[in-house]
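Chemist: Starting from the two chains in their separate frames, assemble the complex, guided by the hints.
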Amino acid sequence: MTVGVVSFLRGQAWIWSFLATAAVWMATIIFTGGVGGGQILTAALSFAIFTVIVGIGQMFVITTGPGNVDLSIPATMALSGAVTTKLMDTQNELIALGVLVALGIGICVGVFNYLLIRLLRIPPIIATLSASFLVQSTAIAYGRGLRIKPPPALADFTTAQIAGVPVLALCGLAFTAIMGLVLARTMYGRSVLAVGQNMRAAWLAGINVERTRLMTYMLSAMLAGLSGLLLSGFSGGSSLNMGEEYLLASIAVVVIGGTSVAGGRANVPGIWGAALFLYLLVTMLNTFGASAGLRLILSGLIIITVITLAGGGERKR
Amino acid sequence: MFHGHLNARMLRSALPALSLAVLLAAIFYTQPRAMSYFGLNLMLQYAVPIALATLAQMFVITVNDLDLSIGPFVGLVACIGATYLHDAPALGLFMLAGCIGLYALMGALIHLRNLPSIVVTLGMSFVWLGIAVLVLPTPGGKAPEYLKALMSLQVPLVPFPIVAAVVIALVVQAALMHSSYGVVLRGAGGNPKAVARAGWSMLRAKMIMFGLAGVFGVLSGLSLIGLTTSGDAHIADRYTLYSIAGAILGGAEFVGGRVSPVGAVLGALTLTLAGSFLIFLRVSPDWQIGAQGAILILVLALRALISRGEAR
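Chains as they are written, first to last, in our numbering: chain Y, -1 to 315; chain E, 386 to 697.
Next up, chain E with everything else stripped away, as it sits in the complex (with noise of 0.2 Å):
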């Protein structure tokens, strides 16, 4: 299926921005009207918090852990930004970093007793939602004017959450493909005992992920209340499926580091607006969650087909 020229590689590369064509393409074709300003940037509102909590589960998934607790951790952020951040900045602030902080703690404690990264993040979304309804029983809350004011940005010609995405997207890459530490991040997850023997400490190396996958958590956290205007404990338990689902449709793979930044944001988009096109097509909202999955399977099944025309 693949000799010729094409190159293999490139291909597998290539395919989340391939998958994401195809599905824009679909929904053009179902629905020419959101072929518009307006139509994006309604139909890629979420996309944001959902490409930062993708990015924060790939780096997780850098080291060759994964996070399941994610969303409960957005859903924290989110109820932190709409009551202490709006009525007390400084405590707020105190308390999203010391969020980032047990992040690192966390990627910490499974690579010194050498723990299963599941069951410890998802003991840890327990805590994460604990603490939520401890720190807003009831949905309600309100979002800092800035964030709201950034969220609802109008940028010329091209849709904001385009822009942002595009943005996030290549501060990200250029960090984790193309700086010298990256590289050892990376290598990290990679083969570990090089990256060791080579001198430099896993234990850093994982803390870093964790901690910059905290510090996503709390991005994602604060767009979405941005968008939403209040908190609520609840608010994103859906995006831990998301983040891992994208991660996946983005390439990421789940063992030896190989991961793309770009990628887990094109993921995102794909995932978002896959909800869109099932909702054009009328398909039940039943078969939402089934239709990721298949998604999932779909472009895991093409990937598995490009890498054996690799191999050969």
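For reference, chain Y alone in the conformation it holds in the complex (with noise of 0.2 Å):
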């Protein structure tokens, strides 16, 4: 029975992510003297959630095969931050407006990260950056520096907590187990694996190659539209780098969560332990009291390390 639990966890990428997550919390305690666990898991818990939603965005996209990533969901963030906050202007009234706002946003840059992809014939990589400049510069022209709050039940609802679980982490993992479903059970998930393993075999087998990319493309725009719109509410309005920091959490907790970089094979639960993982990170090195320079070449060295532990290995190509 034991055996059998063991040899089940160890087929599982996503183990490990939480394994670690679970052994830099515990240093942390440790070094704390045990003081302030509960709280740090609630901040975790807080802040990885938007890590989670962009994350999923680029999981699919990943998936989707070699080469595919989206470099445009910093900007996207931004973008829809900036417009929905002016859009929503602290009026509670407004706030399905903007989620749609912020959701169409998603499926503009998305649409046109594709047909930079297609029409072009440029990789992935080249056309969401590209892409990127032109909706980061839009977001700096609309949004001027200009910091408006968001609307008060917006602000609630991101902050709210249930017994020290944030509200919205509850509905992230909702939606997660969702997007598992999705990509599981559906005909568009079973598409993107498809598609990812082997992209002419999916198409002889009758699989709409372009209109799952497109999907897919839109789909990691989307959800970027939505974290920037969130995480506006969440830190009490929009600013333009608020989302530079989630181009490496990104694509990190998609490999570090045991996702295949060759695509065709995606890991939804490893994306929530790499998030913590990443979050508690950081807070392990702010407790140990390290400086900023050391901070950031540690959290640099660790990741890429997790990494090196974690993906690679088959070849991609």
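Don't read these hints as lab results, they were simulated from the structure. Hints are not guaranteed to be accurate.
Here are the simulated lysine to any residue pairs, SDA-like style, with alpha carbons at most 25 Å apart [said to hold, decoys possible]: (1) E:K578 <-> Y:Q195; (2) E:K578 <-> Y:A199; (3) E:K527 <-> E:S615; (4) E:K527 <-> Y:L292; (5) E:K578 <-> Y:N196; (6) Y:K84 <-> Y:G235; (7) Y:K147 <-> E:D671; (8) E:K527 <-> Y:G291; (9) Y:K147 <-> Y:V97; (10) Y:K84 <-> E:S669; (11) Y:K147 <-> Y:L85; (12) E:K533 <-> E:Y422.
Modeler: Listed below in structure tokens is the structure:
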């Protein structure tokens, strides 16, 4: 029985990200002498949820095959935050409209990304990077550095907690479960996996490869837009550089979480483990009193180490 | 569009030079006073560090990888240059050599563990920035005199940045495009399996290309502080984007080891001048990044059109 459990767990790539998370959390707690363990977890859940949302979008993109990656996530978050906070103008009645606009911005960016890839026949890295220049500029020109407060109801929702568990994290958990089902059980999810494993075979099997890719880039950008809206609610307003850290984070959580960078194999629970790990890592370094420079060096090195251990190995091309 | 006697392949390799010529013509049209020794010198001041960073990026692109850490790396070199290289030259040189070694090791890690280069280099960008902050916590320091003297060199007739760009482009062009090992290095991007089967070490090729990227990153950082005379950890944050954009404008393709050193330098010059042009046109600084993105997309669209003509 126990042997069965162990061998089952060993087969799950996501287990490593949770083990790493637990190790980092323990190290922090031991250092503080057992103080604040609960608060640290609450904070980790509150912050990790944004990484989880964009990470899931990035995971679908990366799963569609080698070379597929969305570098326009930070710019999309900034644009969505800037546009929706200005639009909602601190009024609760306009939140629904704000959500629609955030998703709409995502759809536009996603379609634009896909068209660049398809029409110019350039690698997604370059297409999404070029698109992100335009999106970022639009955000700068539109936002003009103004910091508008989010509607109170949105701020309350994004910061609410039930017994120390952030409401947003619970919603995120439900959302993750849904996306896991989408990936494993729906026509679209199966198509994403099939395209990622072998694009030509998927095409021969009658899968609409191009529509799958279009939908995946739209999904990623829509989640980035939604995340931009929620993050500006959470942090009391949008800022132009609020998406910056999610460029590395969104890719890192996918790889650390056990999704194959070669595509065709996704890991949904791993996103959570990896997002919590990234946040707790910074917390641990802060608790240890590391200077800003040392913190940067260590987080860079640890991310590379974990990726070296977790990912890679197989031939990607 | 491209039927008749026009050779699509030639047209594509002429595209970087054509874009630069069009941009120059537009600049001279809107601001005739820029058409002088002094005007060009001023507009192209930062062309040398940007061209060197672009070449660094091009080496990485040659082996089908992308370097998202070159900006912070140039910043780190600037910090070392403005502190240790000025105060303790031997230690400074040793540190710079160490940086180049780390770059080569980064290439080895990416190859051996088959990791996505964007993740590894993004992670390393934190490491470079962290070291830079430790070396020089606040902007300042002093660039060595010889770097300042070199970068403010007055050459008769032709402005120094142009002379430097031509020399750099020709040297790299000769080494990478016209030497026998250069062919192997490009082949490592074009058809890794074939190169490996022919008995060449792919590991060595990757390490050499990343090492060269490190060398040119160091040169970029040193030439940069020769101009600014002091250092800052964030001085070159934008160079990551500049270098990628410059390499693309210069005709680099992201698979297959198809690159062009002369093109990359032309791309870097185009990018540097595009900034001045937008200022002449009174385009709001808000749109600077966006305009660069638009130029990129435009050039890529032109190239796609030409390739379509080539395929016919």
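Chemist: Confirm or reject each hint.
Modeler: Do the hints match the structure? See the list:
1. E:K578 <-> Y:Q195: Holds: K578 (chain E) and Q195 (chain Y) sit about 21 Å apart, inside 25 Å.
2. E:K578 <-> Y:A199: Holds, because 23 Å separates the two Cα atoms, which is no more than 25 Å.
3. E:K527 <-> E:S615: Between K527 (chain E) and S615 (chain E) the Cα gap is close to 5 Å, so the pair holds against 25 Å.
4. E:K527 <-> Y:L292: Holds - the C-alpha atoms of L292 (chain Y) and K527 (chain E) are around 24 Å apart, at most 25 Å.
5. E:K578 <-> Y:N196: holds (20 Å)
6. Y:K84 <-> Y:G235: With a Cα-Cα distance of about 10 Å, the restraint between K84 (chain Y) and G235 (chain Y) holds, given a limit of 25 Å.
7. Y:K147 <-> E:D671: Within the cut-off at roughly 22 Å; holds.
8. E:K527 <-> Y:G291: holds (21 Å)
9. Y:K147 <-> Y:V97: This hinted pair holds, its Cα atoms lying about 16 Å apart.
10. Y:K84 <-> E:S669: holds (21 Å)
11. Y:K147 <-> Y:L85: Cα-Cα ~11 Å, so holds.
12. E:K533 <-> E:Y422: holds (20 Å)
Checked against the numbered hints given earlier, this structure breaks none of them.
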